[in-house]
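S.K.: Below, each chain spelled out in residue letters.
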Amino acid sequence: MLEQLEKIRQEFTERIKEADNAAEVEKLRVAYMGKKGALTAVLRGMGSLSPEERPKIGQKANEIRDYMESTIASRTRELKEKELEAKLASETIDVTMPGTKRRVGGLHPLNQVIDEMKNVFIGMGYEIADGPEVEYDYYNFEALNIPEGHPARDTQDTFYITEKILLRTQTSSVQIRVMENKKPPIKIICPGKVYRSDSVDATHSPIFHQLEGLVVDKGVTMGDLKGTLEIYAKSMFGSDVKVRFRPHHFPFTEPSAEVDVSCWTCKGKGCSMCKGEGYIEVLGCGMVHPEVLRRCGIDPEVYSGFAFGIGIERTAMARFGVTDMREFFENDVRFLKQF
Amino acid sequence: MKAPLKWLISYTDIEIESKEDILGLASDMTMSGTKVEGIENKADEISKVVVGKCLELYPHENSDHLVICKMLVGSDTVLQIVTGAPNARVGAYIPVALDGATLTNGLKIKKGKLRGEVSEGMICSFEELGLDYEDYPGGIDDGVIILQDLEDFKDMSEEELNQLVGRDIMEVLGADESVIEFEVTSNRPDCFSITGLAREAAVTLNRKYIAPEIVVKEEGDEEAKSRISVRIEDPDLCSRYIARVVTDVKIGPSPKWMRDRLQQAGIRAINNIVDITNYVMLEFGHPMHAFDRRFVRGDEIIVRRAKDGETMMTLDGIERVFDSSTLVIADKEGPIAVAGVMGGENSGVMDDTREVVFEAALFNPVSVRMTAKKLGMRTESSSRFEKGLNAVNCAMAMERAAQIVEMLGAGKVLKGTVDCYPVPYEEKKVPFNVEKINELLGTDISRDRMVEILTSLEFKVFDDHVVPPHFRPDVVCLADISEEIARFHGYNNIESRLLTGCETTLGRKNRRQTISDMIRNYAKGIGYYEALTFSFESPSVFDMLNLPKESPLRNAFVISNPLGEDFSVMRTSMAPSMLKILSLNHARRNESVSVFEISYVYEKQEDENELPNHKELLSLAAYGDMSFFDIKGDVEALLDSLKIKDYSFAACKDEPYMHPGMCAKVFINGREAGVIGRVHPKVCDNFECPENTYLAFVELEPVIEAAVLIPTYKELPKFPAVSRDLAIVVDKEVPANEVEKVIKQRGGKVLEELVLFDFYDGPQVPKGKKSLAYSLTFRDNEKTLTDEDVNKVMSKILNGLNTILGAEIRN
Ligand SMILES: [Zn+2]
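So the protein sequences, as listed, match chains R and H.
Residues 1 to 339 in our numbering are what the first sequence spells out, letter by letter.
Residues 1001 to 1811 in our numbering are what the second sequence spells out, letter by letter.
Keep in mind that the hints were calculated from the coordinates and are not lab data.
Glycine included, each C-beta is placed from N, C-alpha and C at the ideal position.
Be aware that one or more of the hints could be misleading.
[Stated by the list, open to error] Stretch-level coverage of chain R by chain H, calculated; a stretch enters the list once three of its residues show a Cβ under 8 Å from a Cβ in chain H:
id : stretch
1  : 10-19
2  : 35-41
3  : 104-114
4  : 224-236
5  : 319-332
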């Protein structure tokens, strides 16, 4: 009997090795351990054994049953693993084929520059103001110390709608609107479109963008103007640029200045970008003219302030290396996609 | 303003010894407020060109137009040069470009052979040296320079000429002067002059300004007023008019040094008298004029407004018609000059002029500017007057002119001036307060230093005020004084700080700006490129958009002085701008394009004198492989992203530029807020866009109002949802949103969601009908819904659909 059991066990061991899928393993399980299985038959025949033999044989049979069960279980696991491997292998794809891209758009390069400037000034505590593009002569010129007949009117060739209404030539008009409506402290920037009757060419456009800034409070000094614009210049053009202030003239600021930044392309040595000068002019600024303050109902004996105006196109052209301003307004998607 | 360097520093004790000195001066001037635009020296371009003397000249054997010259270029150096110059001759002193020389435009000269003959250089013309023969009397343009043929050299002896051999030609011709071009700001008329620039340079470099000494001798006893009288009829436009008379005038060229300076400053030399007026204008910044006294009829100069329709031919040969806004200089008969702008052809100095009346006057800047603009002739003179000159300098200019006349021996200056001076110059007091200046600048500059700066600028300084010099009309208040102090203290020596003394403010975007930026970023995220377009349009776009004659969109703001028809009206619709973008991209064969822009349209108000209503719109535009529902979906997604719940669409058949069957109005919170649709094929044709072009416009204001920036949390559902599908057949004309409205209304609050998942109008449904299939989700927040509960709601919905819309359930 013992021999018979041993034989069954050997035979099972042989056959389980050959079973190479789940169905065959199941067949084996039925063949040995099913109701009519070989091992079951042995166990059934236990009744005919002598009481001395029975525990011995029983123990052996149980041993073999445990053995078979665990072997079947491990064989099944093995086969499942193999099957999964085969499945995964069959599912292999060429991952170097192109992905299914989602459509992505982009923001306009000029607006990207404006967005960045906004972030710089918001970080310094500025709010963003708005003003109309179609504007009264008063806000665009008169209130900014540019009366009728002033030569500055000639340098800003103006589009007129009526004698009193025009397309603003500078975002400075917003300074007046803000000061008329808000009491100091005032700390605003205003980006927007401005209009001058320049024919379209690589460096001129009848419509372009400026960003105006205005600060009015007690005790604002030219040192504050310098500090503020140095921070601006360094965050826009790199922390290693040199910033210099040059006296200039604007009717609505006094003292006035133009700000140059050392050329970020040649590091100030002189190249085609900076026309050999080593510096690039980036903005105009100054201390708000006391007459302008007074006209807006702000007492220049108590308050002072500074203002600045930044050309967006110039900044963007220098930043991205665009050489023809017209491209900003053509909106060819092949151009827009580059930013 | 172009300033010849030697002329400039001749009024100072500045010494320039090297290129570095010039660059240093330029950079210092830039930093004190007179920006240097460039430094030019014609001699910089030219090298190794010297004066040579032609010793021998004989024909070239292998050419009928070339000759061979033997040129002496040093004490005993003779070069053989082959040339085609027709005017070369033995004994001529001619510039010779040596081997290795550089001529204008970088042209290099090398020793070589010409048709078998050695040529050791080249003899040169004015053009080859970058010069204009017309600046050198006696010079020609179709041959080489022959020194002794030029007016300036023709009186030299051979010995003197021999001294020139071997010397640098640019130096010999006086063409080696550095000319600095300054950018002069409009508030500084004084710097539109060499003396003004010299004064700035002197203060900038801490050197001395040396004003030219003016002495007029005046010959004889006859007085100017015996020959001419002056009357100012309009003192509001002319506050001073000085005349001097010069007799025994000998018209001829002015001396070389004067012609050189004029030419270097960009003014062509004409004759001694005219050159003197121009020279003085450059030197003192005050324009002058010279009349031939023969043509001042009645010996009287009358400064008056022109009569309407009065005419005169100006010096440029153009017949001008005046009106009463023009100030003219007239004689008894009529105008002889446009005041401050240009002289008349009828009274100008000519070769046979014997007697001259010099004018130095002060005209109203606005009047001159307006006149110059109206007549379209901005001149050296008008551009100076319009910046505002002064009466004191006016007199100095006259005296200087008289002095130069005497110096050049150009005529006899009669005694005295005729000086009509109805509005005398008054000195002005400007407050001076050291503390306030330091407060404004954020500096700690001593009073002594301030006084030093101001004094060197010729301000008179008193305890609490200063008196600016007559040539500084720009200085009227303390801020102006502060700028003078800051300029010479050095802007870059002011210590930077960051509003340390001021209140802290909060920087942020407001709601409108925040939402606008959210929309931009979302549009970018779903594949749109942001565009930027011009806000003006051609009025022809209204027809291109199919707009009916009475369309309010045609009522646009018209620009009175546009750049051209194409830019002449402020846009009332974004459609043309968007279609033009698509058209350009289509023409450039860009497949599938989606762009967006947030920008204004301008609605005219009833009152002409009111500013337009600036209406802000979001515009989407696209073409490519897409349908109406793609662009609609994009708009829906945008609104969803802003948590806007209440929006809807309704068919719109009458938007003139849209496809009548594929266009919808957008409603937000029940208010019309935009339009979306496929563009009408005719309009696509007009703009040359592809047929499948789509546009969507949404007003920003209602979006901003409805957007939810801070949503309120709603508890997640505790009870399970039940889904049911519902397929119905309904008349084709019934819009889907009507069906949805009924479902929502009948479904009540347990209807959580409904989604259309199928639409069919093929042969499987009766003609004129369509089938719509929805998936409905039900949920009760209080309990688990039973089948029975849901069945009840479903039958309510079906009932409603049937009775209200005549819909049947589809099996
Ligand atoms: Zn550079």
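S.K.: All hints are to be evaluated individually against the structure, with a verdict given for each.
M.R.: Status of the hints after comparison with the structure:
1. 10-19: violated (count 0)
2. 35-41: violated (count 0)
3. 104-114: holds (count 7)
4. 224-236: Holds: 6 residues of the stretch 224-236 of chain R have a Cβ under 8 Å from chain H.
5. 319-332: Held - the stretch 319-332 of chain R has 5 residues with a Cβ nearer than 8 Å to chain H, which meets the minimum of three.
Going down the numbered hints, you'll see the structure goes against 1, 2, while the others check out.
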